[in-house]
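Asks: Chains A and B, in that order, are what the protein sequence lines are.
Using the working numbering, the first residue of the first sequence is number 1, and each one after it goes up by one.
Using the working numbering, the first residue of the second sequence is number 1304, and each one after it goes up by one.
Quick caveat, the hints were computed from the structure, so don't treat them as lab data.
Hints are not guaranteed to be accurate.
To be clear about the criterion: a stretch of chain B counts as covered by chain A if any three or more of its residues have a C-beta under 8 Å from a C-beta of chain A, and this derived list gives those stretches [unchecked claim]:
#1 1357–1364
#2 1383–1393
#3 1412–1419
Cβ-Cβ distance ranges computed for the label pairs, FRET-style [said to hold, decoys possible]:
#4 B/D1408 / A/R729: 26 to 36 Å
#5 B/P1374 / A/P269: 53 to 63 Å
#6 B/D1356 / A/A621: 38 to 48 Å
#7 B/A1404 / A/N556: 51 to 61 Å
#8 B/A1460 / A/S363: 25 to 35 Å
Heads up, the beta-carbon is just placed ideally off N, CA and C, and yes, glycines get one too.
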Amino acid sequence: MSVSLRLRRACVLRWALRLSMVACGGLVCPAAGLAAKAGPGATSGNVGADAALREPARWTAGDSDQLLGGLTPDGRDFVYLSNRDAVASVWSSRVGDAAGRALFDEGADVSLPRVSPDGRWLLYLSSRDDATGDACLRAFPSMAQRRCLGDGRTAESFAFFFPDGAHVGVVARAVMHGEMLLRKVPIDGSRRVADADIVLPRSVATPAVSPDGRWLAYVAVERASTTVGVQFAMQLGAGLHLRRLEGSAVDRVVRFELPGATGFPAFSPDGKWLYFAQALGDSNRDQVIDGDDHSVLFRVAFDPRADPPLRRDAAVQLTSGSTSCRYPAPGRDRLLLTCEVRGRLDVFALPLEGVVPSAWAESRLLLASDGATDIGTRALLAAHLQLRTHEPLARLHGWQRLAELALQRDDLAATTFYLERIRKVAAPATGAEGAAPGVAAGGALQSDEAAADFGAARAAATALSEWVGHRAETLRLERGARDETYASAQASRLKALQALVGAPAADVSIAARLAIAEIEDALGREERAEATLSAIDPAAATSALAWRLLASQGVNRWLALERDEVALRWMAALCDRDDLDGAAARAAEVSADPTAVREAERLELADRFVQRLLRGKGGAARAAALAAWRGKAEGGALVDGGVLALRLDVERALQPLPPALGRAPSESMAADAALQERVRAALFSIYGRERGLDRRRALVRATLERAAERDASHLLYQFATVWASFVPRSHPERALAIDVYRQVVLERAYTASAAGQFAESRGVLRGLTLIDDDPEVQLGWLLALVRERDGGGSQGAKAGTLAATFAARARSGPYLDAVAAEVSQRFAQQPNDAAAGLLRAALALRRHATTSDPTVQGDQLDEAAAHLDVVADAGGGGRHVHLLRGHVAHQRFLRGEGRSFAAMAHDRYRLALELSAHDPRLQGGIWHAMGLLQAAVGNHREALLAFDQRLKWPPADAAMEVGLWLSIARSRWHVAPPTAEGATTPPHEALDAVAAARRAVALCDGATATAGVEIEAVRPLLPWALDRLALIAFDVGLHAEALQAAERAVALGARGATGSRQQGRVSALAEANGVRLSMLRAAAATAIGQGQVALPALDAARAGLSRLQDEELDLGRRTSEPALRVSREHLLRLIDGLQGRALLATGQAGAAVAPLQRRLASLAPSDDADAAQLTLAATHWHLGLAYAELGDLRSAMRALGAGLRACRRFSAATGTVAPPERVYLVEAALALHLGRGAAVGDLEGQGAADGDVRRLDLASEADAVYRALCAHGHPRWAGARDRLQLALTLHAGHQASKGAPTR
Amino acid sequence: MMYPYDRRAAPSSTRRPRSIGLWTLLVALSATPLSACETELAGGDDFTAAYDDWLHKCSACHTPAAAKAVPGTESSLDFTTVETARASLRGGAKGLIGNFAGCNDVAFVVPGKPEQSLVMAAIDSDVRTAFDVAGTPGCSSDAISDMSIKVGGPNAAAIAKVRAWIAAGAP
């Protein structure tokens, strides 16, 4: 089993974990695109839209923060703030398309964009002309007519439109230490902010006016210091202020029955709801609850006729506390909000009623809570249940539940708030009951038993308060509070708690002991902590609160004390306590008491038990531990048939599955089939005897998790199917059961495809398309159709490879028509479906990849873009759409349509990446595409960063892996420094490039050598891989390896090209490639002295070139294909040069003169670039050597002189005194002069003809070069330096002997 | 290429003729004569209607070629056309594996007895939950997968038509 499949299974595993979540809970899996638009229910085909908790749909994406989203009045677009261009600017996007555009360039930071009620104006705060803030307007959407409402006398910090659209509300201060007052400013500019009416004579934050204009909601801002202005030391006032703007201007201060601080009020367009954000706790631990803490959105019904117009106890929680969301902006049919995901802000959308469907009954909420695994979601559901609870005792239990959840997440402020509520509920007789409107205070207190319950609850709340107080003080200690104060405070707490230890109620005693143990431990008295914990008997827990405290806090305390065995014993004792309160009502699936300990919770604890039991144990130890604990059930120490026994049985049945890691690929599938079948039979037997949903869910969840970890496809499919078939349609878990089934089936398709079973993959995906609109499924089906018909050969084309492109083209045509026909038939009933548009776009791109005609390719790109526009119009804007849009722009760039397309492609790829956080398979593909894009642009370092990211994910198939390594090789080669002249080894960066190319070749060789499905896909890539290896190896100086690779590539190309000349364009590309390879081969052979090998290669290159038409040399320039991309003259010049050198190397100096002279003739007239001078110099050098071989010393010296003049021009232009060519020329001239008597004066030769009238003096030339080499000092030039020194000495002696002045 | 379940592409000759054969009529009459008569007199065909409405989706997996491609798929059913579907439902299940193998050889349709017909159990959760056919202990409700998770739905009207068709003797 390949790593890629295990990767995919990791995704399934996560889904399996979500099996019991009933909700995403924390935006960890941001839905996007078609699926997000349709909602989680719609993707499953046969479950209702309210079947599960809703996930906020992500509407923006990108590297930056996107926030403060607001819909335009027509609901088609939304504006928001983004800081992606370094400054914060206003952006706009179509609903459903995360790609947006900046509306204008303010040239400075802006904020708070708001569109007017009539849609004609955009209001925002600008810091362009006034760093303290200006409220400005622009016509919408043209962005013309910019004007600001301030005049420098005020600093504006908040602005919004009044409902009449003719005025804006502006919060501004006039002087530095002034109050932040709300003013009503006309937008026609008739009055400036400083002159406008003051609506409220006090500092306010985030005000909002109701749609009827009669009510103002705001949060008061108070001075934290009297000595400085509110701007410098502010604190938010408590509660939300409501002020009637007409008639009596009396503030109503509403303190919602919620912990924390209120902010960002916003009225719904119909004025019936007030939305706001609530920071429920001190999430950043700075001991202040404010806007910096995690925020949760709420809404409350607003009745302008009532007084007050809203109820403080009726706020409905809209988002989970697992994620921080703020800036509510309700539209007509949806709520926009800004949430923080992975440290960045983005705009999301939700139904107006939030993540919990309002239609859910208590029983439904309860079931959802049963399945939720994250505390934030449980707290959300508990809050919803509490809203619907009116009976005092039930409300008390509800507050207990909320307090316990707050304690679990260590939210001390929220815990304290809920404990206070318990105290108030528990004192009905005093008339202090503040909750349960409509229920008479104390009305339910009909018995002594109930009174005792309230008393115990109050005492337990006291114990918990001491506990929370201890944690708060510990936190302060960590922040620098004094030790002695801390110690004395804890002593007092211990004393208070000891008084509660003997209380008859289990809640009280257990809470007190747990608190004492924690305090003792914090004081460093571990033994006392252990002793206190040991005094607790888990079996003594008789209430839900006590059970949960023991199961979480108690077990955690034992684990913190590293007493795993005791923790396990506690968990075991608690697992089968089905006699706890509320248990009697469990005859039905839904208990009457929402706070009762339910079987699902006990199963969760059993799951935790098994995980802890097996942690760190190997196979045999695992089996022994499981057997030992299961034996306790048989011995009576555990409840036989209880939840722990069940969980142990399931785990024992799963144990034979071997770990996936470390298994050879061949060991996975067939070899495991029998084993998986045995495990399946054992599990199915257990499944059959368990009839309850909770218990079956526990079995299925454990099975799916383990099967996913261990690559057990058969088990995954079998149990995903039975589970989805079992969960009743009316059950809220149905949607997730089907989602899990869907994921498992998708995995099955991927597995089949990876194994080359394309028909199975296609068949499985075809079935899945019936129930799933997700683009992954639809595109997967399309790809499977293609692969089934082309046998997987198109994979190479996908990797962008030359040889694979040949192969794909050879097979292009009919099969794509068949695929198109199937797509048309599939969507015959819904031709305008977004999924249909997506598939047609993908099909057009597939055709683009399999055609050679640039015009047709352009048409295909246009067609794909048009289909993607249709998808966007249909509301599809998901990750796949962005990826395809990026691909279209990428191809346009490669076709030479402009660099702006590269930027566009990059943007789309980034968006796709952002939206693929939960889709590692797609992430890998996007990184690959981004790497190719960056490489095409020339940003090879950026490309390598992208490829590094790509390497974190396993390749989808061997062809793609080959393509990836070749791309890496190319980019490494580009960033590597050149190999130094004369160096014995290339730089390590260059060797890395060669290593990458070698890896690609090895992959091809390995796949070709192994019988299997990948042969067809990978074999065509071998020549291309060899070609790349030859090129890079030659360039870095590994000439022998380059020759070997080039010869292999030429041989493979010759076989593949047989009879291909008739295939037109395809063969032209092959021919061009053959020319290039032959030249490479000749160059490598010459470099290692094998001129006899080089000469026939050059003949082949010359012959191949003669067969190519001029236009064929440039093939690919507009189609993104590899090509020679140089003129015929250039190629012939190269061949001449190589031929001259090869002839020289084989002792055929006479024959070498002609090609070298041809080369010079073609070089001289046109090339005036600096590098061309060195080319000239080198050619003259070779020519000089040829003449010297022939004994024509005069011509030899003239050639060398011409070369030296070229070097002189190069030096004059670049300042480089001694390029290698000059060194060689001087050495050669000295050798001829000193060794063979050549006349120095012959160097002059063509000087006058070149316009260079300066004399060439060999001694001066040699001296200059010698001095440059001495100054350079690099050891690789030591030999040349020594030779020059010797030659200069000899030359001096020679001149002296002739009477000339010496140096 | 003709796509299997595209009913518009099916030649009209393959559609069920409006007048049913004598043998089929006799079988139907012997089972639930009034119902069959009523159906016939009304000119309707419950199974054809159910196929056109919903069951044609089953051809995504249940054709000879498709089933062959995906191991574990029931292999004897052929929903290429309404007639092949009708004919293949007269047999028993084949090719099921794993948790579902217990239903191999169990009859898809027991004429006149929808509650004992495997095809009903596969599309109707009430029938599936109570499914208990003598002599097939391995084919419990747990061993029958819910087809609606695979094709979407359920389609209550189509299920009712299949039920009526079986009750009428599965003509």
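Asks: Does each hint fit the structure? Answer for all of them.
Replies: Cross-check of the supplied hints:
Requiring three or more residues with a Cβ within less than 8 Å of a Cβ of chain A, the coverage given for the region 1357–1364 of chain B holds, as 3 such residues are present. Coverage of the region 1383–1393 of chain B by chain A is violated [criterion: at least 3 residues with CB-CB distance below 8 Å; count 0]. Judged by the Cβ-Cβ criterion of 8 Å, the region 1412–1419 of chain B is not covered by chain A as claimed, because only 0 of its residues qualify and three are needed. For the pair B/D1408 and A/R729, the beta carbons lie near 29 Å from each other, so the given range of 26 to 36 Å is met.
Restraint check, B/P1374 to A/P269: a C-beta distance of roughly 55 Å satisfies the suggested window 53 to 63 Å. Distance hint for B/D1356 and A/A621: a CB-CB separation of about 58 Å, inconsistent with the stated range 38 to 48 Å. About 45 Å separates the C-beta atoms of B/A1404 and A/N556, a value inconsistent with the hinted range of 51 to 61 Å. Distance hint check for B/A1460 and A/S363: the Cβ-Cβ separation is about 29 Å, which falls inside the suggested range of 25 to 35 Å.
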